[in-house]
Structure formats: structure tokens, C-alpha cells
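S.K.: Going down the list, the protein sequences come from chains A and B.
Reminder that position 545 of the first sequence reads as 545 in UniProt numbering, one-by-one numbering, no gaps.
Reminder that position 336 of the second sequence reads as 336 in UniProt numbering, one-by-one numbering, no gaps.
One should not assume that every hint holds.
As the list claims (entries may be wrong) - Under the rule of at most 27 Å between Cα atoms (straight-line distance), these lysine-lysine pairs were calculated in the DSSO-like manner:
id	chain 1	residue 1	chain 2	residue 2
1	A	Lys284	A	Lys298
2	A	Lys674	A	Lys726
3	B	Lys202	A	Lys523
4	A	Lys698	A	Lys740
5	B	Lys161	A	Lys523
What the hints assert, rightly or not - Which chain B residues face chain A? A few, computed with CB under 8 Å, are given here:
id	residue
6	Gln103
7	Met110
8	Ile119
9	Lys161
10	Pro294
11	Asn352
What the hints assert, rightly or not - These stretches of chain A come out as covered by chain B in the derived footprint (C-beta under 8 Å, 3 or more residues):
id	segment
12	157–169
13	420–434
14	449–457
15	492–503
16	509–518
17	595–608
Don't read these hints as lab results, they were simulated from the structure.
Just so you know, even glycine gets a beta-carbon here, dropped at the ideal spot from N, CA and C.
Below, each chain spelled out in residue letters.
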Amino acid sequence: MKFTLSWLKEHLETDAEVDAVADAMTMAGLEVEEVHDPVASLAPFTVAKIVSAERHPNADRLQVCQVDTVDGRKEIVCGAPNARAGLTTMYAPIGAYVPGLGVTLVEKPVRGVVSHGMLCSASELELADDSDGILELSDDLAVGEPAAGVFGAEPVIDFEVTPNRPDWLGVAGIARDLAAAGLGVLKTPAIEPIPGRFPSPIGVRIEAPEMCPVFAGRTIRGVKNGPSPDWLQRRLTEIGLRPINRLVDITNLITYDRARPLHVYDVAKLVDTTIVVRAGQVAKDTGEHEHLIALDGKTYTVDPNMCVIADAAGERPIGLGGVMGGESTGCSEETVDVFLESAWFDPILIAQTGRTLTINSDAQYRFARGVDTASPVPGIELATKLILDLCGGEPSEVVVAGAAPALPSGFAFDPARVGSLTGLSLSDDRIAEILTALGFAVKTGSPWTVTPPSWRRDVEGPADLVEEVARIEGFGELPSTPLPDQGAPSRGVLNPRQARVRLARRALAAMGYAEAVTWSFTKQSTAALFGGGDERLVVENPIAADLDCMRPSALPNLIQAAARNAARGHADAALFEIGPIYLNDSPTGQRTVIAGLLAPKSARHWGGSAEDALFALKGDLIALLDQLGAPTASLQLTQGQNRDWWHPGRSARLQLGPKNVMVEFGALHPRVLKALDADAPMLAFEIVLDAVPEPRGKASKARGAANLANLMPLTRDFAFVVEDGKATGDLVRAVAGADKALIADVRVFDVYRGAGVPEGHKSVALEVVIQPVEATLTEAEIEALSAKVVAAASKTGGQLRS
Amino acid sequence: MTDLAQLELDLINAIGSAETAAAVEDLRVAALGKSGSISGLLKGMGAMSPDERREKGPMINGLRDRVQSALAARKGELEAAELDARLKAEHVDLTLPPRPRRQGSVHPTMQVMDEMIAIFADMGFAVAEGPDVEDDFHNFTALNFPPKHPAREMHDTFFLKPDPETGERKVLRTHTSPVQVRTMQTQKPPIRIIAPGRTFRKDSDATHTPMFHQVEGLVIDKGIHMGHLKWTLETFVARFFEVDGVDARFRPHHFPFTEPSAEMDIRCDRSGGELKLNTGDSWMEILGCGMVHPNVLRNCGIDPDEYQGFAFGMGVDRLAMLKYGIPDLRPMFDADTRWLAHYGFSAFAAPNPASGLS
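Isolated chain A (complex conformation):
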């Protein structure tokens, strides 16, 4: 909402300058977005008269002008074709900053002739978007008159109107709040009724009272339309509106002055004498919707949820009620008899119509937020006065169809609520004073009864009144009161899941993974590659076509991120993200995953190649799970059962059982990577945190005694030949289980295929760590243990290599 300072001062008696007004607005809750002060930028410019204009000696298109200026006679070089002797125009002295050009003038020769200033066009002063030639001003203006005075330039304030305050969409409403806040005295002129001289020949019939409960109108005969006077045109252009003609400009003025939209119909163009207010119609036989050509020249399809203004016994649509009038009955310079409309439309209906048709007119904007229900007749009277003043004519009596919605009713209010809710200590008198200044009717007593004014339908109860009082008194007066001290909680504030997320984040960062945060969205077709893409998780109004679905996995975003990094020349990436995935749209359909992605493209190193990346990733994953307190020792590792987006041979999952899969990890499927424009290989893991059992809570924080054996551990090496397809992990597990009391660890130190090992087999070399518990083992005991190891291995198909 834009308005000028002088417009405000028609409603508010104040000496405040524009900055003080803006500050007061901000602190009263009217959030100022911009103050544009052309007075400051126009300060260097003054009126000047060209005495003579001669052809420049060295340039055909330039003239050398002798100019009478505020600084005396000046020689100025000018390129404008309209520079001529006798022209009154605008002068900029050397040193002036020309806003439209963005330059400060310096004295310098132009093709050999020094120019002692500049003659300006409207665009150079930012008075117009474009202009040809320098300004041509009235000859009545005296040399030296300041530009700001000539153009009536005015500071313009633009501010954001919150949806609860439609009354701020009129300058009068802004003035009321500023007066209450102490910036001045409210002086909005009262609206005097103007008696009608004859019954209105045009009547109104409301057929859709739920859409439009009240419609006031009046005919004015014999008006003379035409361009508006300067003051009115200027008032509108200063806030960015385009003057059209007197009748239309008057309705626009009142829209911005009183937040009261109006419409004018050319009576000569109306068919029949009754204006009908009804819902949009659909032809019963053809199912065809009716159409309206609106004032913006566009054709709109009307549906039954919109309010139509019609003539010709309700047959012809001539306007969309509360949104926009029709082209067929609009007023023009030739209009002689006019019918004024001042109605009230249901806000939700108008909001919906605006959304459906994407019309955001000044009227629509106001009706959608709620226009003062008591304003239809005063609106008519104010418009009548302006029309009679500017266009002449003779008014009819006012016709009112329907009845305005009931006025807001009063409610009980205990003024002590102000203190209990805000901590402010204000006297009852001050509270009543503020509310009264804002238009509330206050009846003191025990409790008080407060009745909101018709334009404040946002106020429904005591809390709203407290806000009004605190807002006007100023939030700067609020005390600063420490919260009752509960102390920091003795057990911390994070639940186990939150604590594990935090731990995983720091553990992965320590392992060299960079944390990424990526969208919760992905593309539906991409989601489908990762087991998602359910229609119920598709965003109906996505920000972009490739972000139209809730992600079923964090991996696609990480893969695409790694691919983007590769495209920038940084292929080696280790990323992780801890965030949500979405399995369905219910409150329990969300999981937290810890996803890691490795795009191993390490640079060559003089020391030779590094550890195999896949096993490095597995190592990181196991270390992370250990940190999270997952039961890593009892996890099953299963290969060949991962879902489609994993490499079938180079991926696995870790599970507590087939129904409790905790992690999938390994290499990603090259086909999936290709679909995401990513280069293989990429390795990844995705832990479903919710599937990782939380360590059992213990009553005590004590860890129990450490079992530190006194005896030296010893090691024995074994080599077993097993079929190639056998999982080494099974062999290791079997050997480790051969004597759980004595075998402390089993380490794989070689896997060999080739000479000496049968075709289709491999030799797995194990180092078994034996930890004696009670006494040093005898040779015989060690022999017996070795035999158990060999027996355990053979059960899983491992033969001791001879």
C-alpha cells in the first residue's frame, strides 16, 4: 500500500516529517517497506529559460544555448532537438547528481565548447520512464523555482499491510492508528449526506445475498466527464496509478482514501433498469459457462462460485462483483448519466474468485480482506460529493438493496489482562484512551464491555485488545523479565535418537565425510528408481518439475550432488546427510536416515594405491555403527538381496533378521548412476536410524569391572581351502565360535587363488588369537583347540590346507 505524505496530512494534523511518520508506522505495526523521497533527489534542479540556441560549431546535432538560470546567464551545450529560444525548462548546475543518468555533472568541453550545466528531460529527473527531449514547462514559471515545487514531488511511503488489517488499505485508516500512537490529531473530513433530487431510475435486486448481502447505489444525471484536474491526477500518479477520467479516478481515489472500492456504470449502456446481483450461471442444456469481457479487456470464464453483476433482467453479465467491472458498461468521456455502486462482498468468495481468475485488482484485494461493513452508504455520499464537484450533475436518492452484516458485538474485558499478558503496567484510563482512539466503544464497569468498530472484525476477544493497547503504547515499554529458573536439565535435553544423530554427524565428519543438506524432494521418476514415487507423495504444486516428489532415500540427492561436483572438476567426494526419508504420507511414514556417499577418485600418490575404497567404506560404516551402539557383533551380513539400486555383486545389507534391515551398503548400480548422469563407481551406505535398536538403558552409569587378562595371548595360523562362492565371513564366524572362551579374535590375513589350490576354490589364511584365561595353555591343550578350529571350519566346508 502506497500513499504520500500530503495525502496522510489531509487526515492527520501533524508536523512530522516523512521519516518520523515511517518510524511511527513501523512501531505501531505498519511495516514500512520503502520511503521514496523525490524531494531530496530533485533539490539541485531549478527552472531556467533558454535565451538563444545556436548550432554547435563542430557538431550538427548539438546546440549551444544561452540560458537564464538561478546562477545567472550560462552557456550550455544541449543535444535535445526541442531546445529552442524561449523554452522554459529544467536546469542542472555543475556538481548536480542526475538520478536518471546516475552521474554527477562536471565542467568539461563538449566538442570543444564548455557546457556550464545541463538542461534536463523528464527521464533524467526520474519523473518519467522515457522522454524525448528536454522538459517543456509552462512559461509562467519563474527562473530559479525549485523542481520539487514545480512537479509537486512528494515523499511516498510503501508499507506491507498484514491480512488482519484491511482498514490500513485506506489512508484514513493509517491516520487513525498514527493519531492513536500520538503522532498527531485525526482530522478525516466527515462525510455529509447529499439529498437526492429524484428517485433513482436504476434499481438493484440481490439474488445471491450470501455473496453480496448489501448493495447501495445512486444515479447521477448530467455529469460532464473528462480528464481529472491536476491535483487528482498527481495524487494517483504519485502512488503509481494511471489517471483515466474523472469518474473512474474518483472511485480509485476513494478506494485508496477510505479503503472503500466503488464502481461506476454508464447508464446509457445499461440494458433495462435493474441491476441484478447473482451467482455465475452455467447453461443447463450445453453446460457452457457464461463469459465476461472485463475492463482490462480480457475475457473471463465465470463459474457458479463467483458473484456476477448483470443487467437485462439478469441475462447479461456486466461485472464480476467485488473484482472487476465489465467493458460493456464502463464510463467514458461521453458518459452523461452514471450509476454508482457501493456494495459489500463476502471476503472468502472474493479471495477465491481472485485466485481462480488470477485477478488482483485494487477492489478484489480489499474485498478479499474485508471492507468496512458500514461503509456502503457513506461511500456513495463521498463519491457523490466528488462527482458533483468535478463533473457537475444531479444526484438521485440512494437505493440500498439487502442489509449489511451485523455490527461486531461487544464482549467482556478485564483491563488487568493487559498487565498479566504483557507485563506492562498501565492505568485503566490509559487503556480506555487507547481503545477509544482506535474506534472501540468502551463501557467501563466490572468487567468492561468493549465493542469493536465495524472496520475491526479481526478483534474477537480480550487478547486482541491487549495487543491493541500494547502496540499503541509501544513494545519498547515491555519489561524484560527472566524466565523462572529451572536450571539446565540434569539429564540433558536430547532424547536417545537426537543424541545419536548428533553423534553420527560428528563421527562421520571426523572420518572425512563432508555433511550436506539436500532437498527433501526429488523427481518422481528418480524416486521410482529408489523404490519410491508413490502418487501420495507427489507434490501437487512443485517449485520445479524435477523436485516434485518426496524422497524415498537420501541417496539420489547425494549422487546428483557428487555428479555436480564431478562436472565442476572435483570428482573425489565423500558426502553424508542425516535427514528424513518419506515412506508414506502419514505422521509415522517418515524415517531418519544416515546416508554416506563415496565417489572414490583419489589422485595418484607416489606411495602407490590406497586401501580398497569399498572396504574403506565398510570400515567407516562398522565404526559408525559401533559409535551408535548398534550390536555390530551380532549383525548378519547378507549379500545378493539388496534392492534394485545397488550393484548386485558388490553390495550387502546388515540386518538383525530378515525383517529388520538396518543398513544397505556397497557399490551403486551403474544403470541407476547412469540415469542420474553420474559416473560409476559410487559407493554408499544408508542406515535407517529408526531400525538401529537403542542400547538398553541401565539403571547405573557404572561400566562393570574391566576384564584385563594377566596371561599373554598367543596366535596360531591356519589356512583353509573353501569353495570360491563361500562367504569368508561364515568361515571366520565358525572359527571364532569353535571355543568362545579362548578365541579372542580371528583375523583374515590372506585370500589366495592359484597354484596349489584347486580350481574354483580359494585359500583363506586366518590368524587365530587365543587368550588363556586361567593358566598358560599346555601344548596338548593348544593341540586340542586347533582340532576344534579345524572341525568348526570343516562344518562350513573349509578344509585345512595341507
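Chain A is already provided as a structure; the job is to place chain B on it using the hints.
M.R.: Leaving out everything else, chain B in the frame of chain A:
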């Protein structure tokens, strides 16, 4: 010269000129071995008369001791020289680079969220969470957004496709306030929580992304008023920006779910591209807040005549940008490894009151 003196001279000379440990050993065997020259002399002492033994014994033993010392000394010298030579050969060029390690990091949004949690934990706030996909009730209706009211449009809501059976249209939560609703529905006052998490609005430019992070707070108890709200947020902002105090102002605003509602501005100077607090002429909005609307309390089953309280909400990414001078919001979610390395935080820099937040 006696024989013994000659023998000693010969042996000492030979030991002194031995060039290897093996040569020293050979000399030892030749002198002190089973059939060595000195061993022979020692053995010969058994055949001597007591007087002769008394005279020669000390001389022979003295000879043995001196030769033994000479052997040990020479051996030591040679071993030291050998070690020197070996170590010299073991020289490596330590200007060669180590194997590069990947430098991990914590994302600034998450770091800042941890900072916020640390501050509020100290004030006794627990951490509550809820789903990102919400229903209309929890995201809007319970929070006093009237159906079809223009205030809902302000949120630029993302909708999921309507459920084919029920026609219900789920929303992506536009704020973490639904978590406040869920907390109030399940927990009796006093309540003191923060709700961090992902939020979604259909908006995209240099200062808006379709997904962002919020931390909201909620305090419900008897007698909680706006003065408590003001103290809590002033204290938070000062601790967050790690200054002794902030020049802040509260400005009336409108939110459907609070009454009165306010926005908090801080005085700052951003002229150099860097945020300088408590100086300059401009005010920057950093969060929204207010007293929980009685309708919201009622919608969540709390009696507004008995309990009242405040709520606030702030953008985590935006505050991370302000504090750490990150100029643009969009790269936050782009996972550019160079950006993450530049703006990320060490794994070991977990915010805590002892070492400070940052």
C-alpha cells in the same frame, strides 16, 4: 721387553686396527677362546708354583682384563659406526607429501542448530520433533488460520496430491509450529520446548529456498507474559551472537497464532558485507514471536484462562548466514564440496558452554 708385554702390545694393536665386528670376534677367539693365547697363559697358571703364581697371576689377569676392555671398546666403536652407516642409508625424503586425507565437516545449518540447542538447553528447553508431511489441522487450523483466509496464502504452501480415497490434501509443513500443537496435545503444562526441523514454502530467490530450517520455541505455564518472551529472546540473541548484549527492538506484527504478535529486530551495520551488531542505523528482522493465541491453546486442549505463554520462530539457515557471513542461501543445499569445506565446521567443534559456541 717381556713376552707378556709384547703379547699385550700385539693384541691391543690388532684390536685397534680391526675393521669389522667379525675381525674383533676373531681376535677375541684368538686371545680368549678355548685355545686362545691368553686362555693358554691362564691355564698355565695351574702348573706354577705358589710363588710364581703370586708373581705372574696378577700380570696375566691384568692382561686379560685390558684385552677384554679393548675388545669391548672396539666392538662398541664398530657397532656405533655400523649403525651410523645404516641409518645414513635409511634416509628418506620427508618433503614428500603424505597420502591426502579427506577433510570432513559439519554443515553450517546443523552447526548453528546445535548452537541454538545448546543455548536453549541451558535455559531448560527440551527438543521436540514432528513429521514434515502434515495435515491441514496441525499446520493451519489448530494454529488459528481460518479456513480459506488470505493468511494461508502468505505461507506459499506446498500440497501433496489429494488422497484418492479420502480427498485429503496433505501439506509440507510451512513452519515447525505443528510440533508445538502436537506437544500441547500430548503434554500438560508447564511446557518449555524448542522444535527444530525442516520447513517448506514455495519460494525461491537469493533469500528464499523451497526448503529451509526453523527453530521454534514454546513456553506455556501460569503467569508467563511478554516480558518473559522479551528476556528469553534478548538473552538468546546475545548468546547466539556471542556478545554481552544486543540492541534489539520488538515491533508489532501479525501472526494468526499469536496475540499480541511481534517481530524482533536487531540494530546492525551490514555495510561492509559483514554483520556488525549494536552499531549503525539499520534494523534487521531476525525472528517472529508473540503470546500464544487463546484459540490455539483451546484447540490443543489447554485452558487459556489457566495457562498462557509465548512462542517464537526463527530461520536457522538465515541466522547461520548472518553469523558466519554466508552471502547466499541457495548454495546451502547444493552440496558443492568446495563450499562445504569453506563454510563447514570441524567435527570436534561441538558447541558447548565451556569453550564457547564457536
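S.K.: None of the hints should be skipped; say for each whether it holds.
M.R.: We went through each hint and held it up to the structure:
1. A/Lys284 x A/Lys298: holds (25 Å)
2. A/Lys674 x A/Lys726: violated (31 Å)
3. B/Lys202 x A/Lys523: Holds: lysine 202 of chain B and lysine 523 of chain A sit about 16 Å apart, inside 27 Å.
4. A/Lys698 x A/Lys740: Satisfied, since the Cα-Cα distance of roughly 26 Å is no more than 27 Å.
5. B/Lys161 x A/Lys523: Measuring from Cα to Cα gives roughly 15 Å; hence the hint holds.
6. Gln103: holds (7 Å)
7. Met110: holds (6 Å)
8. Ile119: violated (11 Å)
9. Lys161: holds (5 Å)
10. Pro294: holds (5 Å)
11. Asn352: Because about 12 Å separates asparagine 352 of chain B from the closest Cβ in chain A, which is outside the 8 Å limit, the hint is violated.
12. 157–169: With 4 residues closer than 8 Å to chain B, the segment 157–169 of chain A meets the three-residue bar; holds.
13. 420–434: holds (count 5)
14. 449–457: violated (count 0)
15. 492–503: Per the Cβ count (6), the hint holds.
16. 509–518: holds (count 10)
17. 595–608: Held - the segment 595–608 of chain A has 5 residues with a Cβ nearer than 8 Å to chain B, which meets the minimum of three.
Of the numbered hints stated above, those contradicted by the structure are hints 2, 8, 11 and 14, listed in ascending order.
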